[in-house]
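Visitor: Chain by chain, the residues run as shown.
2 protein chains.
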Amino acid sequence: MKIIAAKKILKANDQIAENNRRRLSQNGVFTVNMLGSPGAGKTTLLEALLPLLKSRLSAAVIEGDIATSNDAERIEAIGIPSVQLNTDGACHLDANIVGLALDSLDLGNYGMIIVENVGNLICTAGFDLGEHIRVVVLSATEGADKVEKYPAMFQNAHALVINKTDLYPHIDFDPGRVMSDAKRIAPEVRIFQASARSGDGIAVLGEWLLDKRERWLQGIEK
Amino acid sequence: MKIIAAKKILKANDQIAENNRRRLSQNGVFTVNMLGSPGAGKTTLLEALLPLLKSRLSAAVIEGDIATSNDAERIEAIGIPSVQLNTDGACHLDANIVGLALDSLDLGNYGMIIVENVGNLICTAGFDLGEHIRVVVLSATEGADKVEKYPAMFQNAHALVINKTDLYPHIDFDPGRVMSDAKRIAPEVRIFQASARSGDGIAVLGEWLLDKRERWLQGIEK
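If you're matching them up, the sequences are chains H and C in order. Per the numbering used here, the first sequence starts with residue 1, numbered consecutively. Per the numbering used here, the second sequence starts with residue 223, numbered consecutively.
All the given hints hold, so there is nothing to weed out.
Label pairs and their in silico Cβ distance ranges: (1) C:TRP430 x H:LEU217: 52 to 60 Å; (2) H:GLU18 x C:THR290: 29 to 37 Å; (3) C:PRO397 x H:SER69: 18 to 26 Å; (4) H:ILE78 x C:TYR390: 22 to 30 Å; (5) C:ARG412 x H:GLY176: 38 to 46 Å; (6) C:GLN248 x H:GLN15: 48 to 56 Å; (7) H:GLY176 x C:ALA425: 33 to 41 Å; (8) H:LEU52 x C:ARG437: 52 to 60 Å; (9) C:ILE300 x H:GLU76: 46 to 54 Å; (10) H:TRP208 x C:ARG437: 52 to 60 Å; (11) C:TYR390 x H:SER69: 24 to 32 Å; (12) H:GLU73 x C:ARG412: 27 to 35 Å.
Because the hints were derived from the structure by calculation, they are not lab data. Fair warning: this is a prediction, and the values are worked out from it, not measured in the lab. Ideal placement from N, C-alpha and C gives every residue a C-beta, glycine not left out.
Please work from the sequences and hints to get the whole structure.
Guide: Structural data, given as structure tokens:
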């Protein structure tokens, strides 16, 4: 019975996610679900990335956290509108709560929305939020075995950002292992190496996102 | 109905956890539930810690992962018996699966068992496994906001290990913030700063664990 209930929840989530995606698409809002472990550097990456995107389109951020509004405050501080979702203990965002965030935004105003999911390398993978693409952020300090150990997170990723490259000289980390594991699980995944702290690789990621959005708008990619 | 089901699962888990704890206590096996994010350095910490414990008592490790037996293999490689539990997608260990691991060990042979939980800063906090103490490992590279953002993980911790101190010179991290946040949420928590990679702080942690076990054996602490 528990399994049936879980399936029902996922099915209901999928229906609401489709509804979110339709609303976003109708408004031309390219939407990114950004996922990763606690401390992978997702918010810091947004702080580095959004100033670059800002000159090219109007962006908003939806922040998912168990507690606090720290992350939304950090995004507001760089002049980007944000909505903070608190899950009250839940380990992932779902399409329903993201739908509530969309209700609070005037979607016609935005060209891109980035949803920063709850810090979790497991639970968030199972929930479609209605996004157009998924970007997984993995910190180099988490170690090179993470794709192999948490495969579900990586198999539906459109992009994988290996973050904190500025720490490469100080840690034992084999980016080649992460890249080959990721390509095996998700052959189409685009892999970036970046440092949100130093800015290294951020412009390349930003251009890729803008290009992805352009191809989506033109109907070249779904 | 969903909420009731969840409560039933937690209640069933608590009963099995009490049973595990009784079995462990009757055999004099002091048991540690080690928790933390993916890549916090839990396995590397065990690789540094267990050789120190080995000369003082006989230890075993139960490894919890979604996939692979990598971690149990690493523990076996340093000569410590280990059991690998694969959760098949579940984001945490529970008392039932840990009970199965206990069935496979001759408990009379061990003075200490360390259970390395699935890498997750959220879900694992809600499940008593039958342990005597909880040790949370937080990597300094995860950032100083983690106690505030994931409070449930820290509030029942007996010890907090801030790991990867060797990277302090290369990151922006305020250990004072973590310590004051942790003390506010869990006033009795013992906080360690350590580097599993350099060995810094590992002996102090090992002595504390041995002392904790001694006091537990003597009935000074539960």
